[in-house]
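Chains as they are written, first to last, in the numbering used here: chain Z, 1 to 294; chain X, 1001 to 1314.
For the record, the hints were derived by calculation from the structure and aren't laboratory data. Note that the Cβ used here is the ideal one computed from N, Cα and C, for glycine as well. Mixed in with the good hints, there may be bad ones.
Chain Z residues, not near chain X, derived (Cβ > 10 Å throughout) [unchecked claim]: (1) 40; (2) 65; (3) 78; (4) 136; (5) 148; (6) 178; (7) 185; (8) 209.
Only some residues are given here: those of chain Z computed to face chain X with a beta carbon under 10 Å [to be verified]: (9) 35; (10) 77; (11) 129; (12) 133; (13) 137; (14) 227; (15) 228; (16) 231; (17) 244; (18) 250; (19) 254; (20) 255; (21) 269; (22) 274.
With the C-beta cut set under 8 Å, the calculated list includes, among others, these residues of chain Z facing chain X [stated by the list, open to error]: (23) 125; (24) 128; (25) 131; (26) 132; (27) 139; (28) 140; (29) 144; (30) 146; (31) 147; (32) 232; (33) 251; (34) 265; (35) 268; (36) 272; (37) 273.
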Amino acid sequence: MPDTSTRTRRPFRTTALGAFLLRLFRHRVGFAAAIVVLLITLAAVFAPLIAQYPPNDIDADARLANPGGSHWFGADSLGRDLFSRLLYGARISLLVGLVSVSLSAVIGTLLGVIAGYYSGWRDNAVMRFMDVLFAYPAILLALLMIAVLGQSTSNVIIAITIVFIPGFARVARAPALSVMTQPYIEVLRCAGASDRRMILRHVVPNVLAPVLVQFTVNLSYAILIEASLSYLGVGIKPPNPSWGNIISDGQQFMLVSPGQVAFASAVLLITIGAFNLLGDALRDITDPRERRSS
Amino acid sequence: MVTLIVRRLLGMIPIILGVAVVTFFLVRVVPGDPVGEILGENYDPAVAADLREKLGLDAPLATQFWEWLRDLATGNLGTSIRSELPVTTEIATAFPYTLKLSVGALTLAMIFAIPLGVLAARRRDKPADLLARAFAVVGISVPTFVVGILLILLFAVQLQVLPSSGVAPEGSGIVEQLRYLCLPVVTLSIAMMVVTLKMTRSSYLEVAKQDFIRTALAKGVRRRRVTTHHALRTALLPVVTSVGIEIGYLLGGTVVVETVFSQPGVGSLLLRAIGQRDYPMVTGTVMFLALVFVLANLLSDVLYIVVDPRLRRA
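Working from the sequences, and respecting the hints, build out all of it.
Pasting the structure below:
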């Protein structure tokens, strides 16, 4: 038998990502929300494999069909399979949400970091412009952009991106300002570190946690805004399916066939709810006060 | 206090100017020709030139902006291309409907959300709190138009106790008017109710931990009095600030609610203008709603200064 008494056990070490995932795993609500988000994302990615029919395939015999049989969730007024349209709708909703929030996160964080890093007139110029964008109620700014740019998926993405930029700039600026007061920044400056290196290596990593929380919460709002624009008839152009235009279509026939509105609303509610809960959970597990108390 | 209020008022001027600049240049500078968008493909160049002149698009950009700003300062938001009526006249006709909806939703949200928030905080982790938190999660996740559709199905179709859409006929009594307002107001208030509830709960929990609350209880002040006279007064301060921001969501929400319930408010006006490519009407209504939002924020800032004794004495 080997002698283990003289061996010292190496302490159990985890990477930052491992520790983060462990905390998420321990946060029951957050973990459940993450699973739901993952499932919806997988359903959207593999929609062509899961869907029984192409989303715009018309089957005149199946018009307003009830759920069951060959149409699991029923069919719409044109006879298009609702389950397939909801799956493809998920692709559009998640794509619009993910692309617009990613773009706004990159642009907004960069602007916020620049404002916090340089202070002075650059800070004033950036943040006053952000204040102006904040002066528009979110959906109105999106509507104005659509009115100007025209109705298309890419323009919906641009509109939602612009709506979220000021939020990211504000969220990134505060920790960037705080980092700039730290003594090690002074030391680095004296050592001749370039602005680019200081921003990328020392400021950006410090703003990532609040930006990540904002990212998740904004994803739910982006999906909500896209659905609202499509419901109002200025978002995703039919026949392309979006959860918003599926509900809008179904509303006309909801007395004879309530399934369309019910299923699309439920999917929308579950998705937005999951992103919201995940955002709350990320806020809890990245907040040092919460970590200390847990 | 007066100095603070004046400072806030002056701080609004650059914001309003900024909103005017962004609104104007978004429509004028973005690629694409508004006249081509209005007339569609294969338009007559003579008609296009006429329309360009009518819209003032033939002048240099700086001149266009100066004239637009000058008109804006005198309350002139231009003339609708479609109805040929002044934009301000159309907004003045539609705004009372939007105002009724917004004020009703704001009042309803405050009446329910503040007591529920306090109740949830005082019964932390008990069934009442869990119920309030579940309501908050669902309320923040459900789109306004889905709430509207569900309420129509329940109260107008199934129970048939309330009208599904439209406005009360001209000259009808207050009860009839309230019946028509009921569903849109409830729909619009849900999101605001949820945010106010969450804000009141977390703010009350924060205040309840503080020493002055413990001192009041130790002195023998009754819990109900401590809640209403000590904790709630302090806890409501951040709620007052959030109301200003929430009014923005409320104004955005009216666009959706007015569509669901066929209300002839400013939101419907804006959507119709987008559909008809009526650019003066689009910029006019957006500018107007942004101004209302800025003024609502200013009002909540001033209210905050008035209700917070520390700022009042500053």
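So, going through the hints one by one against the coordinates:
With a least beta-carbon separation of about 13 Å from chain X, residue 40 of chain Z lies farther than 10 Å from that chain, consistent with its non-interface assignment. Distance check for residue 65 of chain Z against chain X: the nearest CB is about 20 Å away, which clears 10 Å, and the non-interface claim stands. At roughly 20 Å from the closest C-beta of chain X, the C-beta of residue 78 of chain Z stays outside 10 Å, upholding its exclusion from the interface. Consistency note on residue 136 of chain Z: stated as away from chain X, yet its beta-carbon is not over 10 Å from all of that chain's, at 5 Å minimum.
For residue 148 of chain Z, the condition that its CB be more than 10 Å from all CB atoms of chain X is violated, with the nearest at approximately 5 Å. For residue 178 of chain Z, the non-interface assignment is confirmed: its Cβ lies about 22 Å from the closest Cβ of chain X, beyond the 10 Å cut-off. No beta-carbon of chain X is positioned within 10 Å of the beta-carbon of residue 185 of chain Z; the least distance is around 30 Å. Distance check on residue 209 of chain Z: its Cβ is at least 20 Å (rounded) from any Cβ of chain X, clearing the 10 Å threshold; non-interface status holds.
Interface hint at residue 35 of chain Z: violated, since its Cβ lies 16 Å from the closest Cβ of chain X, which is beyond the 10 Å cut-off. Below 10 Å, beta-carbon pairs count as interface contacts, and residue 77 of chain Z has none with chain X, the closest being about 16 Å; its hint is therefore violated. About 7 Å separates the beta-carbon of residue 129 of chain Z from the nearest beta-carbon of chain X, less than 10 Å, and the hint is met. At about 7 Å, the closest approach between the beta carbon of residue 133 of chain Z and any beta carbon in chain X falls short of 10 Å, and the interface hint on this residue holds.
Proximity of residue 137 of chain Z to chain X holds as hinted, the smallest CB-CB distance being about 4 Å (cut-off 10 Å). Given hint, residue 227 of chain Z at the interface with chain X, holds; its Cβ is 6 Å from that chain's nearest Cβ, closer than 10 Å. Given the 10 Å rule on beta carbons, the hint for residue 228 of chain Z holds: about 6 Å separates it from the nearest Cβ of chain X. Annotation: residue 231 of chain Z was flagged as interfacial toward chain X, and the flag holds, the nearest CB pair being 5 Å apart, inside 10 Å.
Because the smallest distance between the Cβ of residue 244 of chain Z and any Cβ of chain X comes to about 8 Å, under 10 Å, the interface hint for this residue holds. Evaluation of the residue 250 of chain Z hint against chain X yields a held restraint, the C-beta minimum of about 9 Å falling below 10 Å. Below 10 Å, beta-carbon pairs count as interface contacts, and residue 254 of chain Z has one with chain X at about 7 Å; its hint therefore holds. The closest approach between the C-beta of residue 255 of chain Z and any C-beta of chain X is roughly 7 Å, which is under the 10 Å cut-off, so the hint is satisfied.
Checking residue 269 of chain Z against chain X: minimum C-beta separation of about 5 Å stays under 10 Å; hint holds. Look at residue 274 of chain Z: its Cβ gets to within about 8 Å of chain X, closer than 10 Å, so that hint holds up. With a least beta-carbon distance of about 11 Å to chain X, the hint placing residue 125 of chain Z at the interface is violated under the 8 Å criterion. About 7 Å separates the beta-carbon of residue 128 of chain Z from the nearest beta-carbon of chain X, less than 8 Å, and the hint is met.
The beta carbon of residue 131 of chain Z comes within 6 Å of a beta carbon in chain X, closer than 8 Å, and the hint placing it at the interface holds. Hint status for residue 132 of chain Z relative to chain X: holds, with the closest Cβ pair at about 3 Å, below 8 Å. Given hint, residue 139 of chain Z at the interface with chain X, holds; its Cβ is 4 Å from that chain's nearest Cβ, closer than 8 Å. Annotation: interface hint on residue 140 of chain Z holds; nearest CB of chain X at approximately 6 Å, less than 8 Å.
For residue 144 of chain Z, the interface hint holds, the least distance from its beta-carbon to any beta-carbon of chain X being 5 Å, beneath 8 Å. A distance limit of 8 Å between C-beta atoms decides the matter here; for residue 146 of chain Z the minimum to chain X is near 7 Å, and the interface restraint holds. A hinted interface residue such as residue 147 of chain Z counts as satisfied when its beta carbon comes closer than 8 Å to some beta carbon of chain X; here the least separation is about 4 Å, so the hint holds. At its closest, the beta carbon of residue 232 of chain Z sits 6 Å from a beta carbon of chain X; the interface hint therefore holds under the 8 Å criterion.
With its C-beta approaching chain X no nearer than about 6 Å, residue 251 of chain Z sits inside the 8 Å limit, and its interface hint holds. Interface hint status for residue 265 of chain Z: upheld, as the beta-carbon distance to the closest one in chain X is roughly 4 Å, under 8 Å. At about 6 Å, the closest approach between the beta carbon of residue 268 of chain Z and any beta carbon in chain X falls short of 8 Å, and the interface hint on this residue holds. Given the 8 Å rule on beta carbons, the hint for residue 272 of chain Z holds: about 4 Å separates it from the nearest Cβ of chain X.
Annotation: residue 273 of chain Z was flagged as interfacial toward chain X, and the flag holds, the nearest CB pair being 4 Å apart, inside 8 Å.
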